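Line order of the protein sequences matches chains Z and Y. If you're matching positions, the first sequence starts at 541 in the working numbering and goes up one per residue. If you're matching positions, the second sequence starts at 208 in the working numbering and goes up one per residue.
With a straight-line Cα cutoff of 25 Å, these simulated BS3-like cross-link-like pairs (lysine-lysine) come out:
1. Y/LYS452 - Y/LYS745
2. Y/LYS562 - Y/LYS494
3. Y/LYS507 - Y/LYS582
4. Y/LYS235 - Y/LYS210
5. Y/LYS345 - Z/LYS693
6. Y/LYS345 - Z/LYS839
Distance windows between CB atoms, simulated:
7. Z/ALA612 - Y/GLY351: 38 to 46 Å
8. Z/LEU799 - Y/GLY351: 58 to 66 Å
9. Z/VAL788 - Y/ASN267: 39 to 47 Å
Hints are computed from structural coordinates only; laboratory data are not their basis. Since we're looking at a predicted model, the values are computed, not measured. Backbone N, C-alpha and C fix where the C-beta goes; we use that ideal spot for every residue, glycine too.
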Amino acid sequence: MPVSEARIRGSLSSDVLHPVTWWALGLIFSAAAILAEQALPLIVLATSTVLLSMIFGVRWLQNMRFYFIFAALVILTRLIFRIIFNLGDSTGPFLVILPKLEVDLGFGGTVSLLGPLSQASFDSAIVDGLRLGTIILSIGMATTLCHPRKLLKYTPGALYEIAAAVSMAINLAPQLVTSIHRVRQARELRGRSGSLSAMTSIVIPVLEDTIEASMNLAASMSSRGFGRTGPMRPIELKLARFSSLAAVSLIIIGTYAALTVGLTNALSITSLVLGLAFSFLTLKLASAKRLRTSHAIQKLQLVDAAAFAIGALSFASVALGWWNQ
Amino acid sequence: MIKLDSVTFSYSSSDSAILKRVHLEIGKGELVLIAGPTGSGKSTLLKVINRLAPQFTGGNFSGSISIDGRNITHLQPNEIAEVVGYVGQNPVESFVTETVLEELAYGMEQLGLAPDFMRVRVVEIAKLVEIEHLLDSKLEEISGGEQQRVAIGAALAAGQKILLLDEPTSALDTHISKRTVQLLRKLASEREVTILLTEHRVERVMELVDSIVLVHRDGSVTKGPAEIAFNDPRIEPPLISLSRKLNWTPAATTVSMAQNYWGSTADKYVIKQGANHNSSDASGTSKTVAVAKDISVNFKNAVAVSGVSFKLQSSQITALMGRNGSGKSSTLWALQGSGWGKDASVAGQITIEGKDPAKLNNLDRINLVAMVPQKASDLLFLDSLGKELAESDSFSQVASGTTSSIFANLVGRVDPGIHPRDLSNGQQIALVLASQLTKNAPLVLLDEPTRGLDYTAKQELSKSLQKLKRDGKAILVASHDVEFLAALCDQILVLEKGQLIASGTPAEIFLPGTEFATQVADITKTPGVLSIDHIEVKHES
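With the rest of the complex left out, here is chain Z (with noise of 0.2 Å):
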């Protein structure tokens, strides 16, 4: 029974966190891994974003099996690229000798394959394959723990269609597997003359069945709703104008101003700051006009503030080198 199960499970449910601490989480554990150097931080961040997924994801392994294997082919694709195209670092100790093989391309001289791997060169490659492996899983933690649905309700108004969009994307990728299977069923049912390409009996089914899912969907959305905006005083519209134009030519003469005279020079600082100040005002504006509201919103807790805690110690330690004394 899902509904009894959801109960018992309770305190230790994802729902112990706020929807935003796990995707912070994963953001971090990301982070940290970017700037890691060695293999054994990474493997402490995989193995940390795998056991969250375990204590406090539903089905966990259900939604982390993709992530597993994507991981595990990343690392796998990194070293055979490792050994095949091993290019420089001649110094041992040698892991493996293997043959050179010299591959004249015709143009641009000659390329050498293979050839003797070292124990450096090797390392090198498992971190680097570690350090994707960890990206993903931590993405993949956050997923498990919090459907990327569940972040809508706490975008910014101003943001609410584009990330509904951005969800709903998310979830036509599944629908489109199933459409594709049932499509490729009911044509072998009907079979097909030879004028007929594979390309018309399955390509256009599945995506006229994807569209008017999608449409399905829309119109259910409107008719609920969905896109609702309030009544904006005239000053309040012309404030949210000025601020969004203020925003985007301030961002513009900053980062022009940092790509020409340096990131530090007082003049690309100020506007890329007022810049994104104004882009703030232009979303808290913006988001005003919006009616929505939520029947539950879940608000930052002292849990919360623990996990960040947790997750800023993780990415200092690798950061800061403190794992490496």
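Mind docking chain Y on chain Z? Use the hints.
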């Protein structure tokens, strides 16, 4: 409450108006049935009222619509969302969230209602539509009837006073559809919700509605009380046909009314028993086409069918009945040989004309078993009706026009330039059936073929199937439609939770007072008298 004034609407793909100069007034708390032949603008009428047409469908609209005196002609669907709730044909496709609770709250969130109010309201509405025990469940894990009730609750949660439903019971079995219609009656009577629903099986809802709106083929619309004269045989429900045949005036509109008539005049009629069920007499020519022995279908987490055995004879029509989720579709797919979905594993022995369909290649299988699946439109992939018909002729290597004439027999002539997606549900099923029938396979399987068909189309389908029967085919039909099956079948198989719990002739299964009773059976309470064809008026001599 709702007022349509001179409303005309046409889709951009067609020249003729699907709704023409419609004047309609609907009162507060009225429960209205919208009936009409296959392909008439029943669904369109609903969409026009909540502005999905033309805002989402495109097309040309003229006239004006007002709700409670407020002109809504130029508003978007989301601007009238707090007044009008809409439940589309397939509730699953209209769900926006993941759980029942979130789905009920969704509309209120969009309308910006206060969170405290929402939390109270969600529980209240869940109680009203009898799903309070499911609040935490995932939408994909609950049954079809429950999903329908969630969709109804979600459409009413923000206090909407008008509810529009497009064929709310067509996918539901008799038992659950009865419950759904009773829920609608309760909402209209106790909560003064104005409800408009479309439905093909008029007999299932006629007793409970306040009035009937008829959408005619020419686009005109008429409204009247439930005793309305159904002047179009395409939409005349069995009770009215029976009243006409037996000269009952005024016509019976409820089963109990008909029972009274029957009780006082029964001696005037002759029973023509077993008019359709004489195939067993001709058993000399009948041979076994398909044998299913101990078949089971397992999905990853569920058993769909377990240990079902039956035989299908040539020149016989067999019905497969049972509630939603009892394993009917799985049985058909197992029989067809390709199994249903990639997760399905089929065990047991299936032999059709001595061959196991699962072991054949696709072409041989098509020539052995013809199947019309539930979502018939999956089999359509060309951009016009005419091309679909021609493709079918050329695949089956029959004279050109063969498929077209079968199709025309089923649903009448339709413009061959029309896109198959713009055909009504009923017309799509007819098109697929026509293209499958040209293949001349000895076994024909049909999964819920009467969905969206009007009475005339059902009769035509019935005639086509009887013709196939005379041609020596074995036919298996999965359906909920007892009225349709009673006049057609020789053998009934009843599934429950994946097991075969009963089998027999229609007279043995469609007993008065049971879930599978036809209305005629309930009226006459005479064994073997199941449909109008079984009764004749005595000729005075």
